[in-house]
Amino acid sequence: MKTERLWNMSILLILTGAIISCGEPQQAEEEPADLTEIEVTQMDSPDENGFLYTLPSPLQIASIFRRSGLTFVPNLANSPKNVSNYNTKFIQKLNFGAYAADLAYSALNEQNQACIDYVQALSSLSESLWMTNVFSSVSILKRFESNMGNSDSLGYIISDFQMELDNYLEENGLSTNSLIIFTGAWIESMHLALQSVKDHPNPVLMSRLIEQKKILLDLIEILGKEEKDAELDILMAGLVKISENFSAHDIESMSTEEDLAKLSMSPEEIASLAADVADTRKFIING
Amino acid sequence: MKKSILSLLLTLVLLIGSAEALQTSYVCPSTDLKNEIKPLLSPDYKYDSSKITRIKIQGQEGKTIEVEVPLFIGEKYKFIFNTAELQKDVVISVYNKKLGKNNRELLYTNKDQRDGKKTTFEWEPDKSRTMYINYETPKDAGISEGCVVFLLGYRI
Chain A
7 MKTERLWNMS
17 ILLILTGAII
27 SCGEPQQAEE
37 EPADLTEIEV
47 TQMDSPDENG
57 FLYTLPSPLQ
67 IASIFRRSGL
77 TFVPNLANSP
87 KNVSNYNTKF
97 IQKLNFGAYA
107 ADLAYSALNE
117 QNQACIDYVQ
127 ALSSLSESLW
137 MTNVFSSVSI
147 LKRFESNMGN
157 SDSLGYIISD
167 FQMELDNYLE
177 ENGLSTNSLI
187 IFTGAWIESM
197 HLALQSVKDH
207 PNPVLMSRLI
217 EQKKILLDLI
227 EILGKEEKDA
237 ELDILMAGLV
247 KISENFSAHD
257 IESMSTEEDL
267 AKLSMSPEEI
277 ASLAADVADT
287 RKFIING
Chain B
265 MKKSILSLLL
275 TLVLLIGSAE
285 ALQTSYVCPS
295 TDLKNEIKPL
305 LSPDYKYDSS
315 KITRIKIQGQ
325 EGKTIEVEVP
335 LFIGEKYKFI
345 FNTAELQKDV
355 VISVYNKKLG
365 KNNRELLYTN
375 KDQRDGKKTT
385 FEWEPDKSRT
395 MYINYETPKD
405 AGISEGCVVF
415 LLGYRI
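If you're matching them up, the sequences are chains A and B in order.
The opening residue of the first sequence carries number 7 in our numbering; numbering runs sequentially from there.
The opening residue of the second sequence carries number 265 in our numbering; numbering runs sequentially from there.
For the record, the hints were derived by calculation from the structure and aren't laboratory data.
Incorrect hints may have been included.
Below, computed lysine to aspartate or glutamate pairings styled on EDC-like, alpha-carbon distance capped at 16 Å [what the hints assert, rightly or not]:
1) B/K342 / B/D390
2) B/K302 / A/E133
3) A/K220 / B/E332
4) A/K204 / A/E263
5) B/K320 / B/E409
6) B/K362 / A/D224
7) A/K95 / A/E133
8) B/K352 / B/E409
9) B/K302 / A/D166
10) A/K288 / A/E237
11) B/K340 / A/E263
12) B/K391 / A/E263
13) B/K391 / A/E258
14) B/K361 / A/E258
15) B/K365 / A/E258
16) A/K247 / A/E275
17) B/K391 / A/D123
18) B/K362 / A/E258
19) B/K391 / A/E264
One-sided and incomplete, this derived list gives chain B residues near chain A with beta-carbon spacing under 10 Å [stated by the list, open to error]:
20) S294
21) K298
22) E330
23) V333
24) L335
25) Y418
Per the computed footprint, the stretches of chain A lying under chain B, defined by three or more beta-carbons under 8 Å from a beta-carbon of chain B, are [unchecked claim]:
26) 158–169
27) 198–207
Ideal placement from N, C-alpha and C gives every residue a C-beta, glycine not left out.
Just need the whole structure built from these sequences, with the hints factored in.
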């Protein structure tokens, strides 16, 4: 009798433990990692955990560059035909970003067929990355086809697509993906602008390129907190090398367009920056 | 008797399990919250980026969470916040410098706009450069969990 009672109690204890421990993985699944969860603590210094960032959209960067005089150069962007060359998830994410930047560049320059090709390349990569919902929810291809030639409408479609992408990544706890995707977009945008500035000096566009130092430093800081792996290490080394080209420029104290206009680089400095960006881009687009 | 004890223990186990689930199952409905405020971008602004900040308050001290928003000089932006999922009275402020820096200027606060029902706040800065959003929790906050959605629009 006593043994039976002990046996029953043991079963109950095991059951209790099982129920409670079953709750733990559920918590991990239900709380997407990209939601900024912070047990609030008094922030006496800006270095404490809880310091967070937003990053701009590739479309905004492309539109700033375009208004600063960046013109369309055929065959400069990553070819959509390369899409089948990307095998690892990390490289696929980087190229998803690169193609998003190329899409923005093409749309702002009313390159209709290129837009369709880039949307298809993005759609293909989204399947590899299990992000097909992003495309189906905004019917991006249909909307693109019916708004061809209207760069303003295309801009709204791309910004809707960006929001859907952000929503998807947030809901599924994929904040690291959004960082990697953004990095691919940033490198591609910088490459497109630098190749133009290198051959056709443009002080306004150059100052806008130097202004990107802030975004680059934020990226390096945020990516530096991610778990290390071989591909990320290569990317980080490339970003750090690019950042060295900006070391002489203090953009923190700048707040007006007059301040911005004072930023410049010599042809040699531009060539060095363009070469470092091109090196990192090679790692991305060569797969 | 044995049956009663077993039933009691099972009930206890289920209650503990339910309480555990309730404590840990908060999910921020971020997409719905964003969709609610997205129309406020129209007609002049396009969606640029967003940040979901989950705020878990445990304790009596007033606290601050800071979010850095890099803005490009000379561009026009619109800040939109949705606080519908915040249980407690959190003040939103925007500064020109990081917390702890000298000569930090307050650029915007919703402190005097809150009436207990208002959950959407908008602000269009006159000038643009990197800004810092602060979410400040009240001193007598008690315990609560929620999230705030920040949506940034830019004018092309």
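Measure nothing beyond the straight line between the CA atoms of A/K204 and A/E263; if it is 16 Å or shorter, mark the hint as holding.
22 Å, violated
Would you check the hint for B/K352 and B/E409, treating anything up to 16 Å between C-alpha atoms as holding?
Answer holds: B/K352 to B/E409 is near 9 Å, not above 16 Å.
Holds or violated: B/K391 and A/E263, Cα atoms, limit 16 Å.
10 Å, holds
Has the given pair, B/K362 with A/E258, been kept, meaning a C-alpha gap of at most 16 Å?
12 Å, holds
Would the pair B/K320 and B/E409 pass a check requiring their Cα atoms to be no farther apart than 16 Å?
4 Å, holds
16 Å limit on alpha-carbon distance, applied to hinted pair B/K391 and A/D123
Not satisfied, since the Cα-Cα distance of roughly 38 Å exceeds 16 Å.
Check, residue by residue, whether the segment 198–207 of chain A contains three or more positions whose beta-carbon lies closer than 8 Å to a beta-carbon of chain B, and give the verdict.
violated (count 0)
Supplied contact hint for B/S294, tested at 10 Å Cβ to chain A:
Holds: closest Cβ of chain A sits about 5 Å from B/S294, inside 10 Å.
Under 10 Å is the threshold here; is the Cβ of B/V333 close enough to any Cβ of chain A for the hint to stand?
Nearest chain A Cβ about 5 Å off; hint holds.
Holds or violated: B/E330 as interface residue toward chain A, Cβ cutoff 10 Å?
6 Å, holds
Need the status of pair B/K361, A/E258: alpha-carbon distance at most 16 Å?
10 Å, holds
Given B/Y418 as an interface hint, is the shortest Cβ-Cβ distance to chain A below 10 Å?
5 Å, holds
Hints 2, 4, 17, 27 from the earlier list are contradicted by this structure; the remaining hints agree with it.
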